[in-house]
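Visitor: Each chain is listed here by its residues.
There are 2 protein chains.
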Amino acid sequence: MVFKLNNHLLSRIASSNGHGEDSPYFDGWKAYDSNPHHLTENPNGVIQMGLAENQLCYDLIQEWLKKNPKASICTSEGLNEFREIAIFQDYHGLQEFRNAVANFMTKVRGNNNITFDPDRIVMSGGATGAHETIAFCLADPGEAFLVPTPYYPGFDRDLRWRTGVKLIPVDCDSSNNFKVTREALENAYEMAQLDDVKVKGLLITNPSNPLGTILDRETLRSIVSFINERNIHLVCDEIYAATVFSQPDFISIAEIIQDDIECNRDLVHIVYSLSKDMGFPGFRVGIIYSYNDAVMSCARKMSSFGLVSTQTQYLIASMLSDNEFVEKFIRENKRRLAARYRVFTYGLGQVGIKCLKTSNAGLFCWMDLSGLLKEKTLKAEMELWQVIIHEVKLNVSPGCSFHCLEPGWFRVCFANMDDQTMQVALSRIRTFVNNKVDNKKPKKNLRWQGSLKLINSPRIYDDFINSPHSPMPQSPLVRART
Amino acid sequence: MVFKLNNHLLSRIASSNGHGEDSPYFDGWKAYDSNPHHLTENPNGVIQMGLAENQLCYDLIQEWLKKNPKASICTSEGLNEFREIAIFQDYHGLQEFRNAVANFMTKVRGNNNITFDPDRIVMSGGATGAHETIAFCLADPGEAFLVPTPYYPGFDRDLRWRTGVKLIPVDCDSSNNFKVTREALENAYEMAQLDDVKVKGLLITNPSNPLGTILDRETLRSIVSFINERNIHLVCDEIYAATVFSQPDFISIAEIIQDDIECNRDLVHIVYSLSKDMGFPGFRVGIIYSYNDAVMSCARKMSSFGLVSTQTQYLIASMLSDNEFVEKFIRENKRRLAARYRVFTYGLGQVGIKCLKTSNAGLFCWMDLSGLLKEKTLKAEMELWQVIIHEVKLNVSPGCSFHCLEPGWFRVCFANMDDQTMQVALSRIRTFVNNKVDNKKPKKNLRWQGSLKLINSPRIYDDFINSPHSPMPQSPLVRART
Numbered sequence: 001m002v003f004k005l006n007n008h009l010l011s012r013i014a015s016s017n018g019h020g021e022d023s024p025y026f027d028g029w030k031a032y033d034s035n036p037h038h039l040t041e042n043p044n045g046v047i048q049m050g051l052a053e054n055q056l057c058y059d060l061i062q063e064w065l066k067k068n069p070k071a072s073i074c075t076s077e078g079l080n081e082f083r084e085i086a087i088f089q090d091y092h093g094l095q096e097f098r099n100a101v102a103n104f105m106t107k108v109r110g111n112n113n114i115t116f117d118p119d120r121i122v123m124s125g126g127a128t129g130a131h132e133t134i135a136f137c138l139a140d141p142g143e144a145f146l147v148p149t150p151y152y153p154g155f156d157r158d159l160r161w162r163t164g165v166k167l168i169p170v171d172c173d174s175s176n177n178f179k180v181t182r183e184a185l186e187n188a189y190e191m192a193q194l195d196d197v198k199v200k201g202l203l204i205t206n207p208s209n210p211l212g213t214i215l216d217r218e219t220l221r222s223i224v225s226f227i228n229e230r231n232i233h234l235v236c237d238e239i240y241a242a243t244v245f246s247q248p249d250f251i252s253i254a255e256i257i258q259d260d261i262e263c264n265r266d267l268v269h270i271v272y273s274l275s276k277d278m279g280f281p282g283f284r285v286g287i288i289y290s291y292n293d294a295v296m297s298c299a300r301k302m303s304s305f306g307l308v309s310t311q312t313q314y315l316i317a318s319m320l321s322d323n324e325f326v327e328k329f330i331r332e333n334k335r336r337l338a339a340r341y342r343v344f345t346y347g348l349g350q351v352g353i354k355c356l357k358t359s360n361a362g363l364f365c366w367m368d369l370s371g372l373l374k375e376k377t378l379k380a381e382m383e384l385w386q387v388i389i390h391e392v393k394l395n396v397s398p399g400c401s402f403h404c405l406e407p408g409w410f411r412v413c414f415a416n417m418d419d420q421t422m423q424v425a426l427s428r429i430r431t432f433v434n435n436k437v438d439n440k441k442p443k444k445n446l447r448w449q450g451s452l453k454l455i456n457s458p459r460i461y462d463d464f465i466n467s468p469h470s471p472m473p474q475s476p477l478v479r480a481r482t
Numbered sequence: 001m002v003f004k005l006n007n008h009l010l011s012r013i014a015s016s017n018g019h020g021e022d023s024p025y026f027d028g029w030k031a032y033d034s035n036p037h038h039l040t041e042n043p044n045g046v047i048q049m050g051l052a053e054n055q056l057c058y059d060l061i062q063e064w065l066k067k068n069p070k071a072s073i074c075t076s077e078g079l080n081e082f083r084e085i086a087i088f089q090d091y092h093g094l095q096e097f098r099n100a101v102a103n104f105m106t107k108v109r110g111n112n113n114i115t116f117d118p119d120r121i122v123m124s125g126g127a128t129g130a131h132e133t134i135a136f137c138l139a140d141p142g143e144a145f146l147v148p149t150p151y152y153p154g155f156d157r158d159l160r161w162r163t164g165v166k167l168i169p170v171d172c173d174s175s176n177n178f179k180v181t182r183e184a185l186e187n188a189y190e191m192a193q194l195d196d197v198k199v200k201g202l203l204i205t206n207p208s209n210p211l212g213t214i215l216d217r218e219t220l221r222s223i224v225s226f227i228n229e230r231n232i233h234l235v236c237d238e239i240y241a242a243t244v245f246s247q248p249d250f251i252s253i254a255e256i257i258q259d260d261i262e263c264n265r266d267l268v269h270i271v272y273s274l275s276k277d278m279g280f281p282g283f284r285v286g287i288i289y290s291y292n293d294a295v296m297s298c299a300r301k302m303s304s305f306g307l308v309s310t311q312t313q314y315l316i317a318s319m320l321s322d323n324e325f326v327e328k329f330i331r332e333n334k335r336r337l338a339a340r341y342r343v344f345t346y347g348l349g350q351v352g353i354k355c356l357k358t359s360n361a362g363l364f365c366w367m368d369l370s371g372l373l374k375e376k377t378l379k380a381e382m383e384l385w386q387v388i389i390h391e392v393k394l395n396v397s398p399g400c401s402f403h404c405l406e407p408g409w410f411r412v413c414f415a416n417m418d419d420q421t422m423q424v425a426l427s428r429i430r431t432f433v434n435n436k437v438d439n440k441k442p443k444k445n446l447r448w449q450g451s452l453k454l455i456n457s458p459r460i461y462d463d464f465i466n467s468p469h470s471p472m473p474q475s476p477l478v479r480a481r482t
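Sequence lines, in order, name chains A and B.
For the record, in the first sequence the residue sitting at position 190 is 190 according to full-length UniProt numbering, with numbers rising by one throughout.
For the record, in the second sequence the residue sitting at position 400 is 400 according to full-length UniProt numbering, with numbers rising by one throughout.
If you're looking for bench data, these hints aren't it; they were derived computationally from the structure.
By construction, the Cβ of each residue, glycine as well, lies at the ideal position given by its N, Cα and C atoms.
Incorrect hints may appear among the rest.
[Stated by the list, open to error] Covered by chain A, according to a simulated footprint, are these stretches of chain B (three or more residues, beta-carbon under 8 Å):
1. 14-22
2. 128-140
3. 281-289
[Unchecked claim] Listed next, the in silico EDC-like pairs over lysine to aspartate or glutamate satisfying Cα-Cα at most 16 Å (straight line):
4. A/K198 <-> A/D140
5. B/K66 <-> A/E77
6. B/K301 <-> A/D22
7. A/K66 <-> B/E81
8. A/K67 <-> A/E77
9. B/K70 <-> A/D140
10. B/K70 <-> B/E81
11. A/K179 <-> A/E218
12. B/K301 <-> A/D156
13. A/K70 <-> B/E77
14. A/K436 <-> A/E391
[Stated by the list, open to error] Which residues of chain B face chain A? A partial, calculated answer using Cβ under 8 Å:
15. Q55
16. Y58
17. L60
18. F82
19. F88
20. G306
Next up, chain A with everything else stripped away, as it sits in the complex (with noise of 0.2 Å):
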C-alpha cells in the first residue's frame, strides 16, 4: 500500500521556508560543505570565511584545562559532583553558573561601575534561542522589531519564524559609516505606522555584525531616548562585546541606563553568549538579562526548552570564576584578534580593497567591492558573490544577505582559520582582483595550486606568523553534513 502525505498534516511553521535557510549567507555554506578547503588535502576547495568563529585563543583554555582538573566532572578529580550536577534541572542554573557569566559579563564591559546581577542571568539556547526567546516574550505574532540593517541573517529565523514576529529594516548607509540615526528610526517607525504594524521595540547589535563596529556613546544616547518617548523595548545584542580590539572602548548599554541618561529600564533588555566571545559555539551557552521582572521570569520559564547543560555549566562555572584567567583571556584576545585584522586588511589593501574604515570589533571585516560591480545593483552584487564563491572559491557573505540596500559590500570572516589558510585566501583574492583589473587576459576558471606562494611578509606580519595559536584549518561543520 502507498501512502501519501497531504501538506496540510503539517502545520503552516513547517509547510513555509520561514526558516530562512534559503538566503546565500546559507548557500555559501552549502558551497564550502561541498568541496571544504584543505591546505594539503584539498588546496582548490573552498576557503570558509561566512563563519563567525573564533579560534585564535583556544591554546589558553586547554592550559587553563590541564591546571584545573576539577572543572570537569568527567577527571578523576572532579567525579564526586558527577551525581549532583547530572541531576540538576532547575531552570535558574547552577548559582556558580549564574555568578560567574556576571562576572565575565562585567569585566568584558571593562568594569566601568557597571554591574550584573547574578539572579538576573537567565539561561537559553544560545544566544538563537535567547533572541527566540525575548521575541516570544515581547511581542504577539504579526507585531514588529525595527533592526538597522545590515544585519545577522539569522534574526529572520530567531526572531520571526515560530513567533510570528516581524522585523522592519531600518535602512543605514555608508554615506556616515552605517551610523545608526534618530532620523532613520523615526522614518522606519512610522512607515510601520502607516502600514498598521505595531512596533514594540528596537533591536540592535552592538558590536554589529556584519560592520564591526561599535555604537558611540551619542548613539546609544539618542537610541535609549527613542524608544523610551515611544515606549518600546530596546534589545541589546552584545555578543560580540570581548572582540573589541582597538580604541575606542566598548560601552555596553548596561552603562548608558546605569549611569548615563534616564529611562524606564523595563525597557531594556541585553542578549549575551560565549559562542563568539570565548569561541564555544558548541557548548550552546546564551544568556538573556533583562531589566524587566515579568521578562525575566517569563524568560527563565522559556529557557526549559534550552537550557545549558549542567555539564557545560559546571565548566564555565569554575572557568570564568577565574579572575586571573578572565582577565588575561581577554586581553591575549583582543590582541590576537587586532593582529589578524592588521594583517588580513593590510592584504586586501595591497589591492586596493578597503573595509568599513569605523571598524574595531568582530570576527570580521565588511569589505568594499563596489569597484568590482558590472553596475551598481544587488543583482550584480550577486553575480560577483557567484564568482568568488565559485571560482576564487572563497566562501564570503554579500550585503544583500545581510539586508544592506548598498550593493558590493561583503563580510569576510578572518578569525576562523588558522595564518597559512588566511595567506591561501589573501593570494586568491590578489590573484583575482589581479585578473579583474587587467581586463586583457580572458576570463576562465582559476585553479590554485596546493604550493602557493606566500606573498611577501611585511613586517606588520612577523610576530604573526610565527604565533602558537594556529586553528585547525577546517571546520568540522562538513563532518556531519555529508
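Got chain A sorted already, so can you dock chain B onto it with the hints?
Guide: Relative to the frame of chain A, chain B by itself:
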C-alpha cells in the same frame, strides 16, 4: 522619575499564565524547596517524592568515567579534541553522538529487530524541547492533540504554551486499569469535532507517566489503526523505555509499525531523552525520531533553539557506544528499580495502601488513597494532598494535576532518594495512615524525629539496604531556588 510598565507592552504569552506552573504538581516542588528534608540537618523537612529522577545507578557511570578519561574533552587524555568539539555547532549533531544514541535506543528496546537510523536522530533541549518542536511542526495554533489521562503535567507547558496548540484529554479510569481504549479515543475525537476543534494527532506516553504501565501489543495496534484511519499523527513519548523493570517486556511503537501492522509511517514520531533512562536530566539530551522526512528536516532546523552542548554530545557518544557498558547499565538499572519498587510497595502494602497493579515501569507508583478521602471528589483529594504535603511532609503529586478525573490517586516517586530516606518516607506514611484509621486520637500536626526507628526489615529489604548505590538525600533543586 518613576516609570510603570503597561502590561500590553509584553506579549500575550508573557502576560498569561499558560506556562502551567500554577499546579499542585509544581506547588509541591515549591513546598519541598522551602523546607527540604535532610536526614541529619533537617529531619523534619519535606521529602521530595514529586520528582521522577533516577538516582540508582550513578556508581556504574562514575566507574565507567574513571576508566574512560578520553571520553571528556576536559581531561588531559581527551583535551586535544577540545577545540574541534567546542566549535562544532552543526544542527545535525556529531555523527558519533547520533550513532551512539541510535545504538542505545535499539538496545533499550531489546533489539527486537528494531533499527534506528542515526541520520534520523534529531536533537532537542530535553524531552521538553522535543515535544514543543513536534507541536510546532505538526499543528497550528488552535489545533489539538488527544492525550489519554492521566498524563504528565509538563505537557501543558511543552506542547501548548508557546505554540497555541490545544490538548484534549482522553479520559481513562481505573475500571480497566486506565487502559487506552479505542472507544475512549473515538469519543474524544468526536467531542473535538463537535467543538469544531481540528485534531492533528494523538500523544501517548509509553511507559506511562504517572501510571508506570506499558501499552500492550493489542492496544498499540489499536492506537495505530485509529490514527491511521483518521489520518492524524501519533507522537510516542518513550522516555521511560529503559525503566521497565519486570515482565511483560516493553514494546516500542517502532516495533509495531516496523513489523506488525501496515500504516502510514509519515504519521509516526517518537520522543526520547536520556533524562530518565540514564538519569541525566541536567544534560538536556532530548531526541526526536520521526519517520516523516519533512518533519525530521523541519525539527532539525528548529533544533537550533535547543541543541545539546557538544561537550555533552561528545561524552554521550563515547559512553553509549560502549556496548558492554550499555548492556550492563540497562540490566542493572532494571534490577535496582525492581528492588526499590518491591520494597516501597511492600511498605505501602503493610498499611493497606495499594498501587496500580499493572505497573512494571517508571520511577514512581500510582498510589490509591481513595480510601482516605472524606468524600469521592477532587476537592477532597486536594484537601488530603494539603495534609500530606504540609503535615506528613511528603511531596507527592495528586492525580488531578495529571488530569485524572477519578479522585484519590497520587503519584509517588521512589527512585530519587537513598534507601534511608525512603524508609523515613514509608514510616511517615505508616504513622499517618494509622492515625487516620485510629480516629480516636485528635488530629494534630505530626512532627518527625531526627532519629526515626526503621521498621522491622522483612527479608525483601536485605539485599537492598546494603546496596552500594545510595543517592544523595537531597535534590540540588533547592540550592538555586533560594
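Visitor: For each hint given before, does the structure comply? Return the numbers of the non-compliant ones in rising order.
Guide: 9, 17
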